[in-house]
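*Asks:* Each chain, letter by letter, is given below.
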Amino acid sequence: MNSKRYVARSSEIAARRMGDEMMIMSGRDSTLFTLNAVATVIWEAADGSTALDEIVERRICTEFEVERSVALRDAEALAEELAGHGILLLSEEPFPPAGRESK
Amino acid sequence: MSGLATATERFDVVIEIGGLPIRIRVDDPAFLRLLQERYAGFVTSSRQARFEFEIELAPPGLISQNEDVRVRRESGRWCLDRGDFHAEWDASSARGRIRQTANPYSIDAVLRIVHTLLLAQEGGFLLHAASAVRNGRAFLFTGVSGAGKTTIASLAPKDAVLLTDEISYVRMREGGYSAFGTPFTGELAKLGENINAPIAALYLLAKGPKNRIEPLSNAEAGRALLSNILFFAEDAELVPLVFQAACEFVGRVPAYRLTFVPDARVWEMIA
Chain A
1281 MNSKRYVARS SEIAARRMGD EMMIMSGRDS TLFTLNAVAT VIWEAADGST
1331 ALDEIVERRI CTEFEVERSV ALRDAEALAE ELAGHGILLL SEEPFPPAGR
1381 ESK
Chain B
283 MSGLATATER FDVVIEIGGL PIRIRVDDPA FLRLLQERYA GFVTSSRQAR
333 FEFEIELAPP GLISQNEDVR VRRESGRWCL DRGDFHAEWD ASSARGRIRQ
383 TANPYSIDAV LRIVHTLLLA QEGGFLLHAA SAVRNGRAFL FTGVSGAGKT
433 TIASLAPKDA VLLTDEISYV RMREGGYSAF GTPFTGELAK LGENINAPIA
483 ALYLLAKGPK NRIEPLSNAE AGRALLSNIL FFAEDAELVP LVFQAACEFV
533 GRVPAYRLTF VPDARVWEMI A
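Protein chains in written order, with my numbering: chain A, 1281 to 1383; chain B, 283 to 553.
Worth flagging that the hints you see were computed from the coordinates, not collected in a lab. Yeah, the Cβ is synthetic: ideal placement off N, Cα and C, and Gly gets one too. Where hints are given, some of them may not hold.
To be verified - Negatives, chain A to chain B, calculated, CB over 12 Å:
| hint | residue |
| --- | --- |
| 1 | E1292 |
| 2 | G1299 |
| 3 | D1300 |
| 4 | E1301 |
| 5 | S1306 |
| 6 | G1307 |
| 7 | D1309 |
| 8 | E1324 |
| 9 | G1328 |
| 10 | T1342 |
| 11 | L1352 |
| 12 | E1356 |
| 13 | E1360 |
| 14 | E1373 |
| 15 | P1376 |
| 16 | P1377 |
As the list claims (entries may be wrong) - Partial list, computed: chain B residues near chain A (C-beta under 8 Å):
| hint | residue |
| --- | --- |
| 17 | R505 |
| 18 | S509 |
| 19 | A518 |
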């Protein structure tokens, strides 16, 4: 079983980094999200081709003092929540280049 | 001429808010008078109007099934609905129709929505905020309901000209931002003055035990602004524009948290 999960940013959003925070607005319903520093790293790394566990290992665990298992669990919860709001896309396969930021 | 069919006589008024003149046509002279009184100070004698709406007055009752405001784009036309009105607006022809009962609140809501759509395309927005001009500069006071917008507006000294106690009108002009007076009133029920001035500062209001001003980070200001911008359209094209406008605004206009005791001394800090 392939447990890898890939994340890609939706194109139906507007986002801007302000200081350590990433502010994201859903184009669908105007809901505003503010991501903290850790979530911002995941958001910025969500290129559709890098698996979530790699993002956690390469970025979160190196930039923040957190255990890998805890970081991965939190990252998965965050990704699912953001996907639920339609601002992040989640898949068990890498996203094809044309599909990234376009769904 | 009796016995001959005649066209229904139409009357019109041009209401200019934020420098954007909109012609409203009605066939009921009593409703026209009501509009002229409601928007006194914003009615222009100019015959030029960039946009035009025709109002069809309906008998009392529900016009739309949507109790809440719903704004969406269908086949190039904007459809605006609330229980008391249904409006359609073709932005390309700049013409629209409004079906509503003979009350001023419906047209008021339609005008607010139309202005939010127009402003979104040029980097401006309507904001839940009181605003006033002092020494040629505009100050905006935003915050959640109960934060003190009406209070600070009611405490304004004589040398401050009130633009609105409820809905501030922000446009980008000549590389900066200006605030315009609006007829959109809150609890004070007092129309703003139809003037404009460059925006000097945005204040996020909070009532407290003593007067204090603290700078807000861009992130804090952005959150405050985005939480208080009026935008109703479910539109993947315009929502990002509103977001970008808010981000641009906080990058250019200084923003502060203004904690204040509700008395006139707070205005000593605003100049």
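*Asks:* Does the claim that G1299/A lies outside the interface with chain B hold up, using a Cβ gap greater than 12 Å?
*Replies:* violated (5 Å)
*Asks:* Would the least Cβ to Cβ distance between D1300/A and chain B come out above 12 Å?
*Replies:* Its Cβ does come within 12 Å of chain B, the nearest being 8 Å, so this is violated.
*Asks:* Is the nearest CB of chain B more than 12 Å from the CB of P1376/A?
*Replies:* Per Cβ check, P1376/A is outside 12 Å of chain B; nearest 21 Å; holds.
*Asks:* So, as I understand it, the hint says S509/B touches chain A; can you test that by seeing if any CB pair is closer than 8 Å?
*Replies:* Holds. Min distance 7 Å.
*Asks:* E1301/A: least C-beta distance to chain B exceeds 12 Å?
*Replies:* Non-interface label fails for E1301/A: nearest chain B Cβ at 5 Å, not farther than 12 Å.
*Asks:* Does the nearest C-beta of chain A fall within a distance shorter than 8 Å of the C-beta of R505/B?
*Replies:* For R505/B, the interface hint holds, since the closest Cβ of chain A sits about 6 Å away, which is under 8 Å.
*Asks:* Would E1360/A pass as off the interface with chain B, using Cβ distances and a cut of 12 Å?
*Replies:* holds (22 Å)
*Asks:* When the nearest CB of chain A is found for A518/B, is that gap smaller than 8 Å?
*Replies:* For A518/B, the interface hint holds, since the closest Cβ of chain A sits about 4 Å away, which is under 8 Å.
*Asks:* Are all C-beta atoms of chain B more than 12 Å from that of P1377/A?
*Replies:* P1377/A clear of chain B: closest Cβ-Cβ about 21 Å, beyond 12 Å.
*Asks:* Confirm or reject: D1309/A is not an interface residue toward chain B, with every Cβ-Cβ distance exceeding 12 Å.
*Replies:* violated (6 Å)
*Asks:* So E1356/A supposedly isn't at the interface. Is its beta-carbon more than 12 Å from every beta-carbon in chain B?
*Replies:* Non-interface label on E1356/A holds, nearest chain B Cβ at 26 Å vs cutoff 12 Å.
*Asks:* Far enough from chain B: is every CB of that chain over 12 Å from the CB of G1307/A?
*Replies:* Given that some Cβ of chain B is not farther than 12 Å from that of G1307/A, nearest at about 4 Å, it is violated.
Consistency note: the structure conflicts with the earlier hints numbered 1, 2, 3, 4, 5, 6, 7.
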